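**Q** Use these hints to put chains C, Y and S onto chain B, whose structure you have.
4 protein chains.
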Amino acid sequence: MNTTAKLLLYCPDKQGIITEVSNFITINRGNIVYLDQYVDHVDNILFMRIEWEMDNFQIPKEKVKDYFDTLCAKKYEMEFGIYFSDQKPRMAIFVSKLNHCLFDLLSRYTAGEWDVEIPLIISNHEDLRPVAERFGIPYYYYPITKENKAEQERQEMELLEREGINFIVLARYMQIISERMIERYPHNIINIHHSFLPAFIGAKPYHQAFVRGVKIIGATSHYVTQDLDAGPIIEQDVIRITHKDTPETLVYKGKDLEKIVLSRAVNKHIERKILTYKNKTVIFS
Amino acid sequence: MNTTAKLLLYCPDKQGIITEVSNFITINRGNIVYLDQYVDHVDNILFMRIEWEMDNFQIPKEKVKDYFDTLCAKKYEMEFGIYFSDQKPRMAIFVSKLNHCLFDLLSRYTAGEWDVEIPLIISNHEDLRPVAERFGIPYYYYPITKENKAEQERQEMELLEREGINFIVLARYMQIISERMIERYPHNIINIHHSFLPAFIGAKPYHQAFVRGVKIIGATSHYVTQDLDAGPIIEQDVIRITHKDTPETLVYKGKDLEKIVLSRAVNKHIERKILTYKNKTVIFS
Amino acid sequence: MNTTAKLLLYCPDKQGIITEVSNFITINRGNIVYLDQYVDHVDNILFMRIEWEMDNFQIPKEKVKDYFDTLCAKKYEMEFGIYFSDQKPRMAIFVSKLNHCLFDLLSRYTAGEWDVEIPLIISNHEDLRPVAERFGIPYYYYPITKENKAEQERQEMELLEREGINFIVLARYMQIISERMIERYPHNIINIHHSFLPAFIGAKPYHQAFVRGVKIIGATSHYVTQDLDAGPIIEQDVIRITHKDTPETLVYKGKDLEKIVLSRAVNKHIERKILTYKNKTVIFS
Amino acid sequence: MNTTAKLLLYCPDKQGIITEVSNFITINRGNIVYLDQYVDHVDNILFMRIEWEMDNFQIPKEKVKDYFDTLCAKKYEMEFGIYFSDQKPRMAIFVSKLNHCLFDLLSRYTAGEWDVEIPLIISNHEDLRPVAERFGIPYYYYPITKENKAEQERQEMELLEREGINFIVLARYMQIISERMIERYPHNIINIHHSFLPAFIGAKPYHQAFVRGVKIIGATSHYVTQDLDAGPIIEQDVIRITHKDTPETLVYKGKDLEKIVLSRAVNKHIERKILTYKNKTVIFS
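Protein chains in written order, with my numbering: chain B, 646 to 930; chain C, 646 to 930; chain Y, 646 to 930; chain S, 646 to 930.
Chain B on its own, in the form it takes in the complex:
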C-alpha cells in the first residue's frame, strides 16, 4: 500500500478552488485517489476532502503543509488539515464500569479493522482492568473525587501528552471532561450518549425515555464541547421499542446501538472523513 496524503479543508466558496487544489496535486505528480466536496449554499462555504498517493509526489512529506498553506490556503482563507496514512493516529479510551463499548473498540483494534494505535486506557474505576489485560492494553486508574478531580486530570493530561495521544474516545465514561482538556483536544474527544440527542440530555436517558413513553430510542456520538451533550453530532441511530419494554430492556437494547454508533464515529474520525463547522459535522462518504 502506498502512503497517501489526506487533505481536509473548508473556505468561502469561489470558482476554481477545486481545480486549483487538484492542480496543486497533479502538477506535482500526486495521483488523486479520492475527491469529494460539498458546498453549503446558505453560508457559501466549500468543504472538501482529497486524497492522493505520495509515491512520486515532488514535495517532501514534511513540507507539504507549508507549501499548500502558501500556494493555496492563504489565498482562499482556508481552514485545513493534512494527514498521512503512514502516521497512525494515537487514540486513548476513557471508560468507567460499562464494558460493551470497550469490548467493541478493542475487538476492532485487535482484528486490525482500523489504522490506529491504542496505547492506553484510562478509567476512574478498576472494574475494566481485566478487559484491558485481556487485550494487552495498558490500563491507568485515576479515581476521581470532587477534591482531586483537577489534579487527576492534570496527571491524565501529562500521560496523554507523554504518549502522543491525538484523540480520545469516551466509551461510556461517567465523568464530565474539564474545560482544560477539551481545549487541549478540540474536536478530538468523541463521546457516546445513550439517547437520540437532543432528546434526553444528561443522566439516565433510558429511564427518561421509559417515563416519556417514546416508541423509538437512539444513541448519539458527538464531539465533546463545553456544553454538555451539545457538541457536533457525528452519528446517530435508533431502534423501535414498544410498551412492553422496561428500563432494563431499554438498557440492554441500547447497548448494541451505543457500541455500533460509537464505532462508526471513531471509524470516520480515524479515516479523516469529518469536518466540523458551526457546531455541525460534514461527513464524507
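Just so you know, the hints here were simulated from the structure itself, not pulled from any lab data. Bear in mind that the values here come from a model prediction, so they are computed numbers and not experimental data. The reader is advised that the hints may include incorrect statements.
Identical chains share a label here; the pair holds if one copy fits it or two copies do between them.
Unchecked claim - Once the Cα atoms are required to be at most 30 Å apart in a straight line, the calculated DSBU-like pairs of lysine-lysine come out as:
hint	residue 1	residue 2
1	Lys-923	Lys-898
2	Lys-742	Lys-659
3	Lys-710	Lys-659
4	Lys-791	Lys-898
**A** This is chains C, Y and S only, laid out in the frame that chain B set:
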C-alpha cells in the same frame, strides 16, 4: 361481516381475570376472534383487548356495557370501554394551510381503508377548502384571532357536538387547542408533531433540527393533553438525513414521515387498539 | 424563479473534465447553482450533474445541446442529457385496481409538489375512473386480453405520442409491458414492486414473504427493462414485521411503503437526479 | 435469583388451554412471572410461553416434564419443551476465518451478558485460535477436505456429545453442515447469512448485492435445515447503502449488521423465546 364487540380494559392484575372475561363472552355464546393482553409488572396492571362476534351473543348490544360493568368490571376495579363494529366512529379533521396530511387522510377515507365517518373539516384558513371540496367533505372556516378565539372554539364545539364527533385529528393544525376542548375529548384528539419528540418541542422543529445538526429526523403522533407536545405518544418514525440537507429538504422529507405516522396513529385509534395509562400508550397489534 | 438548465452526463474519467464542463458554463455567463459528481473507480467512469441559471447565458436554449455536444461531449465520449426547468416533463400513470399509489401521486401533483404535468391515466380496468375524475385527469380505459394486447398497446402508444408523454409511472399496473413500449421509453418507465427485490420476484410477493417467514418486508421502485422485476433499482425501503402478521396485514402495511417508495423515485426522476449505468442507478442528492 | 421453569408449547387452539396451563402451575404453588401467547388463526394453532418460580413448586424439577406431559400435553396434543434457569445451555461456536461475529459473541459471554456456557470453539482453520486464547476458550481445529469431511464431522460430533453441547452457533463458518449433524441438533444450529434472505442465497451475497444495485443490504440469522439458507428465520436487519458503495464497503458495513443480528438471535435462543413451526419462528418478547 358480522358485527363484533371490542372491549378494552385495564385493572390491577390478579389471577383469573383473563379467564373470567373470556368466560363472560363464551358462556353467553360470543365467538372470540381477538384476544391480547399485557401486564405491566412494575405497576402490576393488566391491559387487555378482546373482540367477539355479536351474532349469537345472548346479551343485547345496548345492555352489554351494563352487564359487563356489573359482572366483571366493578369486581376488579377495571377501567374499560366497549365499542361495536357497526357503529363507525365519527372523526373531525382540523387543518391550517399544509395539505399533505389532509390529502393522505381523505385518500384513505375515500378508498374505504378505514371504518370511520368524516363528516367535516374545520380550519382557521380558507386555503384547503378546494381539497375538501375535491373529496366532498363539508369545510368550516373559523378564523382565529386572540380576541375571538374563545368564541370561535365555542362555536366549533357546538358544531362537533351537533355532528356527533367522537374524535379529532389535528392534521398540521397551527393553533393551540384550549383546555375546554381537550377536556371534552380526553385522549380523543390526535396531533402530529413534526419532530422526534421530546426533541424539538414547539415551533419550527425542522429548523431546530437543522441548526442542531442531527443525523436523523422524526415525526410523532400523540394524544393532545394540556402540556404542549407532551401527551401520550402513539407512534413515531424517523428518516436519516445528512449535512447536505437544508431546512427546505428537511421539510420536504418530513412531510412523508408526518402523513404516514399520523395515519398509522389514526388507524390504531379507529381500530380501538390503544389504551392510555400514565401518559403512555399500550398499542395492541 | 429563473429558468435553469440541468445537465446529466457520464464518461470515462479523465482529469480536467469537471473544470472544462464548469468553464463551458461560466465562460458563457451561466450561474452554477448545483454541481455534484461521482467517480466509479472500478470502471473509471465519471458521473456528473450540473445545473445553472439560463438568464444571462450566452448560448440560446435551443442550441445548448448542440454546442455542448461539439465542445465537450464528443471530446470525452460523454453520454449526456440536457433538460430545462421551464419545460415540465409530461408523465402518464398506468393503473389497474389498487388505488393507494394513484392517490398519493395525484395528491402530490394537485398540491403542486412536483414540476410535472400529468395529462392522462391509462388503465386496463374501469375501477379507478372515479379517482381520476376526482382529480380532474382524463382516464383512458384499455381492457387487455391475450388476443387484443398488441393492438391495445399500439393504441396506448399512439395516445402517449399524441400527448407528448416523456415518462410512464406504473402505479401497481398489473400487466407486463411489452418490449416495444419499453424500447420506446428506455429508462423512462418506473415501476413499483411490492417486495424487497431481488427477493420475491413475480406474483404475490407478500404471500411469498408470509410463507418464507421473513421479519422485514420491503418495496422497490425500478426502471422497467425486458427482464421482469430486474431493471435498475431507484429506491427501496423496508418495514419490520412479526410472526403476528398475516398476508392481509402485510398487504396493508406494504401499501404505505409502496406509495412512499414510488413517489420518492418519481420525484428523483422529475428532478433529473438519476443516471443509469450498467443496470444500476446513480442517485444525486 | 430464584430458579424458574420456562415452558414453551404449541398445539391446536381450544378454549381453556391457557387457563388449564396456568392452573397447573398456580395450583402447585408456582409463581408465574411471564406469560405470553399467540394464536395463528389461519392454522388454528396456539403458541405459548410461560415462566414460573420453582421455589415453592410442589412438583420436583426432575418430574415436572413427566407430570405436565400426563396432565396437560397429551390431552391437547401439545409439542412442548421445559427448561430450568439453573441449567445453563451449552453452546459451541463454529468459525472459519472471519472474526467479527466471534469477537462479539465472546465479548458478551465474557461480560456475563448471557446465561450460557461456551466450552469450545470448532474451526476448519487455525486463523482464529489467538482470539479463542485471548478469551480462554478451548479451540479445536478440524481441517476439512472433500475426502475427510465425513470423518472430521464424526469426530466433531463426538466432541460435541462429550462436552454436552445443546446448540451450535455458526459464526461465519464456511462449510455446509451435513445432514447427520443437522438431524442431531434440530432447530439448534443458528447460522448468520450475510444477506437479506431470501435475496442473495449462497456465495458472495455482498458482491451479488453490488452487481444488482440494491439500495439496502441486510443480514439474516436462521436455524439451519437441509435446505441451504432456507431454514426458519429468527432475526433480520438492514442498512441503507448508495451507489458510492463498493463490494469492499458493503463487506465492512455488513459486518456490523451480521454480528448484531446473530447475537440477537443467540440471545433469543438462550432465553428460550423461540418456537419453530412450519419453517417459521414465533419470537416472544
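**Q** Against which earlier hints does the structure fall short, listed by number upward?
**A** 2 and 4
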